[in-house]
Amino acid sequence: MTFFQYILLGFLVVCAISVSFSRNLLNSILIYMSYSLIMSILWVCLESPDLAITEAAVGAGVTSILFFATLKKIQAIRIEKEKTKEDKPHE
Amino acid sequence: MSKPKPSEEYEKTLAYRFFRWLSGSKDPYVGEVEMKAQEEKVLPQETIIERMREAEMRRDKVYDPESNTLARAFHKIYSALAVFFCIALAGVLLVTVSYLPPSGHADNPVNNIVSERYIESGLQETGALNIVSGMILTYRAFDTFGETNVLFIATCCVMVLLMVDDAILKKQEARSDRRFEPMNDAILQGIAFVLCPIIFIFGIYIILNGHLSPGGGFSGGAIIGAGLILYTSSFGFQKTQRFFDEHIYKIAKITALCMYGLIGTYFYVTGANGIENHIPLGIPGHILSSGIILPINFCVGLEVACTMYAFYALFRRGGL
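Going line by line, the protein sequences match chains A and B.
Oh and the first sequence: position 53 is 72 in our numbering, straight run, nothing missing.
Oh and the second sequence: position 31 is 58 in our numbering, straight run, nothing missing.
Please keep in mind that the hints were generated in silico from the structure rather than gathered at the bench.
Any given hint might turn out to be false.
Straight-line C-alpha distance at most 25 Å; calculated DSS-like pairs for lysine-lysine [to be verified]:
id: 1; chain 1: A; residue 1: Lys91; chain 2: B; residue 2: Lys197
id: 2; chain 1: B; residue 1: Lys198; chain 2: A; residue 2: Lys91
id: 3; chain 1: B; residue 1: Lys266; chain 2: A; residue 2: Lys92
Fair warning: this is a prediction, and the values are worked out from it, not measured in the lab.
Produce the complete structure using the sequences and hints provided.
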């Protein structure tokens, strides 16, 4: 079990470093999401399942969705930008 | 009795002018000072552009690391200091962590009389099998009330910042109905059709079993909020508004907070004065047991679910 935990901790470090080095904001959010999921598995290993549930729902779910909504609002997601450009003549 | 002066004569007296000056009805500068508006100097467009280019060139010259040796030195020192401070901060944190006591050791300062009391007589005093729930909702219910208030105030602040007026929202929706609605994605809708009921039931299960199994109001509320967000992002705001609009949101949120406040106040007043509170603790392990934990869990769950959904709706659309 401890070996599995060490692998997960290594993943955590890799995720934390790659979030700050990723150039695309969308990728950063996805990596951050996976960070939260790994953290929730670690909470289960540390015998606190209630924290794991909260981490999975808030950290991986709601926070990343709020980030997505914000990115869409400031038009930082490029695909969405092109789509709205195509839509504009119809408006 | 003296005869009153005619008005023309009265206007020439010192007293009349003094009182007029005092009441401010006469501008003392009018007619005394030369009043002529200054002519605005109109510059031709070329001059403005040339001046802007000059300023830009000057700025480039100052900040260009190749021509300005001082800027080059500053850049080098800046990078070196940035690396140095990062390493120093990491070092300080690692040194601090190395002083922490080992996890799970018996002589740790965490294992004091407070946690001993929680573990030994928690089940007897709160009637909750889940010791964490029993602790945060009875011994520390005041803390949790503060946290619930934080959520309430956070949503209020987001509303103040992001709420769009209802008429503007309707106008925007009329202009393009696809602006806030999803594009009727078949895969997303199919998955949400299956997953949403399961997510809602799981959240309700976690809230209602908060005193028996891991979880509680916050976790269950977050799950229900996430389910609401999934439903909204796959089926659109108009379908969500059929069962959860702004009116219901306000009622649910304020009722939950007031209920929590009233239950907590009753519990604290009776407990602090040594009066017996008439809330039965029940048999540990049954669903209707452990006194105030079940209703408080319900209130917290409602509050958190409303907060999560309101955050999403306000970020996405500017209205509930």
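Results for each hint:
no. : hint               : verdict
1   : A:Lys91 - B:Lys197 : holds (20 Å)
2   : B:Lys198 - A:Lys91 : holds (21 Å)
3   : B:Lys266 - A:Lys92 : holds (22 Å)
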